[in-house]
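Enquirer: For the sequence shown, the positions run 90 to 290 when the numbering used here is used.
Worth double-checking, as some hints may not be accurate.
Here are the simulated distance ranges between beta carbons [said to hold, decoys possible]: (1) D255 - D142: 21 to 29 Å; (2) H181 - V111: 26 to 34 Å; (3) F153 - I278: 37 to 45 Å; (4) P257 - V151: 21 to 29 Å; (5) A191 - R231: 16 to 24 Å.
Rather than coming from a laboratory, the hints here were simulated on the basis of the structure. Note that this is a predicted model, so its numbers are computed, not measured. Quick reminder that beta carbons are idealized off the backbone N, C-alpha and C, glycines included.
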Amino acid sequence: MTRTLGAVDGRLDAAALFARSVREPDQFAAIYDRYFVEIYRYVSGRLGRDVADDLAAETFLVAFRKRDRFDPERGSVRPWLYGIATTLIGRHRREETRRYRALARAGRRPQDSESYDDRIADAVTAERLGGWLASALVDLSRGDRDVLLLVAISDLSHQEVALALDIPYGTVGSRLHRARKKLRNALGIDPTLDLEEESNG
Numbered sequence: 090m091t092r093t094l095g096a097v098d099g100r101l102d103a104a105a106l107f108a109r110s111v112r113e114p115d116q117f118a119a120i121y122d123r124y125f126v127e128i129y130r131y132v133s134g135r136l137g138r139d140v141a142d143d144l145a146a147e148t149f150l151v152a153f154r155k156r157d158r159f160d161p162e163r164g165s166v167r168p169w170l171y172g173i174a175t176t177l178i179g180r181h182r183r184e185e186t187r188r189y190r191a192l193a194r195a196g197r198r199p200q201d202s203e204s205y206d207d208r209i210a211d212a213v214t215a216e217r218l219g220g221w222l223a224s225a226l227v228d229l230s231r232g233d234r235d236v237l238l239l240v241a242i243s244d245l246s247h248q249e250v251a252l253a254l255d256i257p258y259g260t261v262g263s264r265l266h267r268a269r270k271k272l273r274n275a276l277g278i279d280p281t282l283d284l285e286e287e288s289n290g
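Could you build all of it, start to finish, from the sequences and the hints given here?
Expert: Listed below in structure tokens is the structure:
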């Protein structure tokens with residue numbers, strides 16, 4: 090019986106586990122176990138829960154099939170998985186845009202979920218976005234929206250976003266600044282307001 094290393098030895102990092110899965114495919118289960126929930130939350134936040142299961146699972150299927158191409162020199166497994174998920178979301182871009190436009194027309198505000206777990210999972214989901222925010226998001230360019238939502242939903246660092254999207258570090262900062270400025274303008278917040286997170290990265 091082969092043991093799943095990530096579950097037995099918490100000290101083994103994801104990149105080493107990922108590399109080992111090339112030779113021992115069953116080791117990939119530990120990567121799945123470690124990252125599925127956060128990838129699911131990200132996809133759910135972009136497209137809603139109705140497609141999140143399928144796209145999150147597809148993210149791991151693509152990662153499994155391409156695991157021999159992962160280059161640990163470029164960074165950790167986490168941003169690589171987010172990059173795959175963002176690419177898959179890109180294929181559903183029209184659906185995301187339609188959802189945001191429909192929410193904007195409806196003018197709904199976020200609703201309370203029934204349980205604590207649901208509130209966490211739905212905190213920023215496309216299904217729960219108010220029309221005011223959905224309208225602002227739909228007006229962002231694809232690149233600006235990707236950067237903003239990787240940071241807002243998944244709390245990725247600038248470096249992780251750069252790795253996930255395969256763009257320069259400085260571009261992440263520029264896109265994030267531009268997206269936040271557009272959101273502030275759209276939401277009627279003073280665009281000159283110096284928000285604390287603007288300077289974090």
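Enquirer: Now tell me if each hint is right for this structure.
Expert: Quick rundown of the hints versus the structure:
no.: 1; hint: D255 - D142: 21 to 29 Å; result: 26 Å, holds
no.: 2; hint: H181 - V111: 26 to 34 Å; result: 29 Å, holds
no.: 3; hint: F153 - I278: 37 to 45 Å; result: 43 Å, holds
no.: 4; hint: P257 - V151: 21 to 29 Å; result: 24 Å, holds
no.: 5; hint: A191 - R231: 16 to 24 Å; result: 19 Å, holds
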